[in-house]
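Novice: Can you make the complete structure from the sequences, with help from the hints?
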Amino acid sequence: MQALAQPDVWLLYRLMLRSRLFEEAVAELWRQGKISGEMHLGIGEEAIAAGIVQQLRDGDALALDHRGTPPMVVRGIDLDLLLREFLGRADGLCSGMGGHMHLFSREHLTASSGIVGASAPAAVGFALAAQHLRPRTVAVAFFGEGAMNQGALLESLNLAAAWKLPLLFVCKDSQLAITTDSSSVTGGNIIDRARGFALVAEEIDGRDVVSVWHSAHKALNRARSGMGPSFLLAQCVHPEGHFLDDPLLQFVRRPGRALRQRVPPLVRSAIARGAPSLRARLSSIKAVTDLIAGARKQTFKRDDPVHRTRQELIKEHKLRLQQVEKEEEKKMTEVVRRATVHVS
Amino acid sequence: MRRMGFSQAIDDALSQAMETDPTIVVIGEDVHTIRSSLLVRFGKERVRHTPISEAAFVGAGVTAAMAGLRPVVEVMLVDFIGVAMDALLNHASKVETFSGGKWKVPLVVRAACGGGYGDAGQHEQSLWGWLAHIPGLAVVVPSTPADAGGLMLTALQNDGPVVYLEHKLLSKPWLEFMGIGGRNTVKFDVPREGAIVNTPRVWKPLPFGKAVLRREGKDVTLVSVGVGVHRAVEAARILERRKISASVLDLRTVRPLDATFVCEDVARSGRMIVVDEDYEAFGLSGELAAVVLEAGIPFTYTRVCTKTTIPYARHLEDQTIPSTQKIVETVRKLLNK
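Going down the list, the sequences are from chains A and B.
Residues in the first sequence are numbered from 1 upward in steps of one, following the working numbering.
Residues in the second sequence are numbered from 1001 upward in steps of one, following the working numbering.
Source of the hints: derived by calculation from the structure; they are not laboratory data.
Possibly wrong hints are sitting among the right ones.
As the list claims (entries may be wrong) - Heads up, incomplete: computed chain A residues facing chain B, CB under 10 angstroms, no partners named:
#1 P255
#2 L259
#3 R260
Unchecked claim - Ranges of calculated distance between the beta carbons of each label pair, as one might list FRET restraints:
#4 B:Q1319 to A:R260: 30 to 40 angstroms
#5 B:R1003 to A:A272: 16 to 26 angstroms
#6 A:G188 to B:L1089: 27 to 37 angstroms
#7 B:W1103 to A:A272: 33 to 43 angstroms
Note that CB positions come from ideal geometry on N, CA and C, so glycine has one too.
Specialist: Printed below as a string of structure tokens:
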């Protein structure tokens, strides 16, 4: 009997840490104004990215959303190219044309989109090409639970099932779609939806890299052997919210500024003359404060996937762990130094 | 008079209309956050947040409007209208014609548009020309808070579907949300006259299809909308120092288009330069040339528009979107001065 495949947890930890360090560097450069626009970090999604993408091979395809950095890092995209892209440099991964939401690597068959849900049809196309041109290769789609209400995504689940495509759908469930409590706008539950399309669907703890790895291993094997698509629903937490300076997290992180900016208009509205009743308005105010309270759930320590794996490994071999961390930190310092050397 | 920012003016006019018209409802993604003052004022039934399902809730907005509501449907950024395009292209714009004029769609679709803050070409498009191409849609692109409020009132009184666009560089909350993010390390070229001005105490509707002259001049007519108007005015000030007198026409609505006013001013100056942040090919700038040609007015013409996908890198973005400097250079070239 074949031995049950096991993940290399040390490698997975290294990849998660690399992604975390990379994104922490990105956040700092963004705060310094060297990276423009919005910044959606994948901090909190590292176990999902590492547990799945580490198992991809040459010829496998990836369809990413606006939070594509961790899968790109784990896939082995050159970190210098990646960071230079974020800085808008001509020698970046996409010549400075795409930025963090529009990352493309043709040789890795990896494409991103900033349009919610767009990664699902993208993965269907990749999987269709795989079926024709690349036996035993697969496509993987990453998206958030907010995308589960996009028509094109649901249509893609159907296409993948109808065509028995070699595809893995990965829904990263943070329970918050931008600033909307997903449960308040979602009928039924996500896993039942996937099963309704006859996909093999499993709910997993997206903060536990080992369980992500095992579930993905099964799903990828199924896809590679022509048994059709699967769906993983992976719970996760976004400690930075939807994007850096998230409007809900402002109330947690910088309450003074948030209160100054946001409360006066609300008070003006609450006391404006006319209908509806004060009672109805108070209930609306409560809806707003409940949202802010909900955002606090996103701040993690216990739920940090990198920290969690670290706690396991520290028991196993503390010195080796420190060595890994030193290497990765040194590597990242060098990447940042090289990328910013010409940027004042 | 009250000093007010762009989005605040729109929300204020909307609020004024909602007080007297209970059929107005606001529907869209994260409206509990981005329209929290309207939510507190009018309650969860009338300010309703949606899932990220543009195709469904814009489509639903069309028939909700047909059945007696006046929905103001928000799609966040106009780029995301791509997901909901069928509702506008094949439904909202067609019902009046298909019903023999018997059924109308009083729907307002509100979206933020435009670039200049480094978010790249999937979040910074203008698309008003693309939308105005469709018969049956009105497309509003205000350039000042004072116009923004009045035009919102008109949109809410319009019998047919209106796409109402709000430029992110002019809107403090949108720019904060998408570009600034609480940082004091980033700078954007925000035209002050477009971002915060005195506004009327009580809003009055401003008619669609009526352009306004932002600056009088005799040598050349600059025509624009949105942020482009402010770039054109700034260019006109610079050109004045070089003894070139430029008038600046703000269209305010792309459709209906105030062809009469454009033709009058171009007939006077003999030269038209269109400043359009939307794409150059097959768009507003070409349409303007066509209406003046059709009127038989002799004129010389050129344009400063966005020709390509907007790049992410800030310095490349600045070279892609119409800038004051590029307008000045283009006018001088046209006049050989």
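Novice: Could one say that the CB atoms of Q1319 of chain B and R260 of chain A fall in the range 30 to 40 angstroms?
Specialist: 37 angstroms, holds
Novice: Please verify that hint: L259 of chain A, Cβ, nearest Cβ of chain B, below 10 angstroms or not.
Specialist: 13 angstroms, violated
Novice: Hey, does the R260 of chain A contact hint survive, CB to chain B under 10 angstroms?
Specialist: 12 angstroms, violated
Novice: For the range 33 to 43 angstroms, tell me whether the beta carbons of W1103 of chain B and A272 of chain A fit it or not.
Specialist: At 35 angstroms between Cβs, range holds.
Novice: Kindly confirm whether 27 to 37 angstroms is satisfied by the beta carbon distance between G188 of chain A and L1089 of chain B.
Specialist: 30 angstroms, holds
Novice: For the hint on P255 of chain A, just tell me whether its beta-carbon gets within less than 10 angstroms of chain B.
Specialist: 13 angstroms, violated
Novice: Can you let me know if the beta-carbon spacing of R1003 of chain B and A272 of chain A is within 16 to 26 angstroms?
Specialist: At 19 angstroms between Cβs, range holds.
Violation of the numbered hints given earlier is confined to hints 1, 2 and 3; the remaining hints are satisfied by the structure.
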